[in-house]
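> Now for the letters of each chain:
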Amino acid sequence: MAVYQINLEDAITAVTQLAEFLSDIIEKESISFEVENAMQLSAEEAVVNIITHGYNGKPGMIEVTCEIADGFVTLTICDEAPHFNPLTIPPADVDAGIDERRIGGLGVHLIRSLMDKVRYKQTDSGNCLIMQKALSSSLS
Amino acid sequence: MEDHLSIQEREISGITILDISGRIDAATSSHIEGELGKKIDTGVTTLILNMKDLSYISSSGLRVILAALKRVKAEEGTIALATLQPGPGEVFKMTGFDRLFPISPSVEQAVEKLKS
Chain Y
1 MAVYQINLED
11 AITAVTQLAE
21 FLSDIIEKES
31 ISFEVENAMQ
41 LSAEEAVVNI
51 ITHGYNGKPG
61 MIEVTCEIAD
71 GFVTLTICDE
81 APHFNPLTIP
91 PADVDAGIDE
101 RRIGGLGVHL
111 IRSLMDKVRY
121 KQTDSGNCLI
131 MQKALSSSLS
Chain G
141 MEDHLSIQER
151 EISGITILDI
161 SGRIDAATSS
171 HIEGELGKKI
181 DTGVTTLILN
191 MKDLSYISSS
201 GLRVILAALK
211 RVKAEEGTIA
221 LATLQPGPGE
231 VFKMTGFDRL
241 FPISPSVEQA
251 VEKLKS
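One line per chain: the protein sequences are Y and G, in this order. Here my numbering is used: position 83 in the first sequence is 83, and no number is missing along the way. In short: position in the second sequence from 1, add 140, done, that's my numbering.
None of these hints come from the bench; they were simulated from the model. Heads up, the beta-carbon is just placed ideally off N, CA and C, and yes, glycines get one too. Worth double-checking, as some hints may not be accurate.
Label-pair distances were calculated between CB atoms; the ranges are [claimed, not checked]:
1) E9/Y to S170/G: 17 to 27 Å
2) T185/G to R102/Y: 17 to 27 Å
3) T182/G to K117/Y: 39 to 49 Å
4) R239/G to P90/Y: 17 to 27 Å
5) R239/G to H53/Y: 26 to 36 Å
6) G183/G to K58/Y: 17 to 27 Å
7) A214/G to S113/Y: 48 to 58 Å
8) K117/Y to Q225/G: 25 to 35 Å
9) G97/Y to K255/G: 37 to 47 Å
10) D181/G to E34/Y: 17 to 27 Å
11) D99/Y to G183/G: 18 to 28 Å
12) K178/G to E9/Y: 45 to 55 Å
13) I152/G to D99/Y: 22 to 32 Å
Among chain G residues calculated to face chain Y with C-beta under 8 Å, some are [to be verified]:
14) I147
15) Q148
16) I152
17) S161
18) D165
19) L206
20) K210
21) K213
22) Q225
23) V231
24) T235
25) G236
To be clear about the criterion: a stretch of chain Y counts as covered by chain G if any three or more of its residues have a C-beta under 8 Å from a C-beta of chain G, and this derived list gives those stretches [to be verified]:
26) 15 to 21
27) 80 to 92
Generate the whole structure from the sequences, applying the supplied hints.
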């Protein structure tokens, strides 16, 4: 089992720091391309939602933990923003034509589509999103 | 974060091609937003985005190219995509964006499609 953690505090550099943090893990753990893409996207979408909606662009701490154990990768992303469950956002309409198309909800849609399990946990200080994916398709 | 995204411009048969390389994420999407905006502001309404070296795109990137598509469509133009790689291709498919843009396996085929 391996556990990696990073705290993101600067909204401007958070996405790049997060991408590099996950790239290092992906290389170290020899994670497949399919899982790599899922991890990078889900983590970015979750973090961007926190920065934009949870913290409304103001500074705030985001704790990202990546655990590799028993053939699964688990990403836990926690913040200290007002309580809000992003999984209650209505799903994006992926069949809408160009004129009806909205971008809202696409991040959560991507997270749900890419990860095997996603759940929300409210904490005393904020929120956590816990996302899990099997490292090999035979386990998912 | 321009070291993670670079955009080169060229023309084939009078059609503007933007060769995109790197990642379009929340940190770099404003770069491509700016480039697309500049081109459309100068009256370019038909563009091909060559994604052969695009390794990653997130919803921030989708937002930007959708906004550009809406702008050019208002002028009866289009944005075509070429050479989508597996990662970005999966994102386009999952979000239904593959139905909003003409997609070709190569820039040359995208040019032919636009000319016909």
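> Indicate whether the distance between the beta carbons of G97/Y and K255/G respects the range 37 to 47 Å.
violated, 25 Å
> Under 8 Å, Cβ to Cβ, is where T235/G needs to be relative to chain Y, so tell me if that hint holds or is violated.
holds, 5 Å
> A closest beta-carbon separation below 8 Å is what the hint needs, so does S161/G meet it against chain Y?
For S161/G, the interface hint is violated, since the closest Cβ of chain Y sits about 16 Å away, which is over 8 Å.
> When the nearest CB of chain Y is found for V231/G, is that gap smaller than 8 Å?
Holds - the Cβ of V231/G comes within 8 Å of chain Y, reaching about 7 Å at its closest.
> Under 8 Å is the threshold here; is the Cβ of G236/G close enough to any Cβ of chain Y for the hint to stand?
OK, holds: G236/G within 8 Å of chain Y, min 3 Å.
> Does the Cβ distance between R239/G and P90/Y fall inside 17 to 27 Å?
Holds, since R239/G and P90/Y (Cβ atoms, about 20 Å apart) stay within the stated range.
> Given as covered by chain G, does the segment 15 to 21 of chain Y meet the bar of three residues or more with CB within less than 8 Å?
With 3 residues closer than 8 Å to chain G, the segment 15 to 21 of chain Y meets the three-residue bar; holds.
> Given K213/G as an interface hint, is its Cβ closer than 8 Å to any Cβ of chain Y?
holds, 7 Å
> Tell me if K210/G is really an interface residue toward chain Y, meaning its C-beta lies closer than 8 Å to one of theirs.
holds, 6 Å
> When the nearest CB of chain Y is found for I152/G, is that gap smaller than 8 Å?
The hint is violated - I152/G has no Cβ within 8 Å of chain Y, the shortest such distance being about 25 Å.
> Is the interface hint for Q148/G satisfied, with its Cβ closer than 8 Å to some Cβ of chain Y?
violated, 22 Å
> Is 26 to 36 Å right for how far apart the beta carbons of R239/G and H53/Y are?
holds, 27 Å
The structure does not agree with the numbered hints 6, 7, 9, 10, 12, 14, 15, 16, 17, 22, 27 stated previously, though it agrees with the rest.
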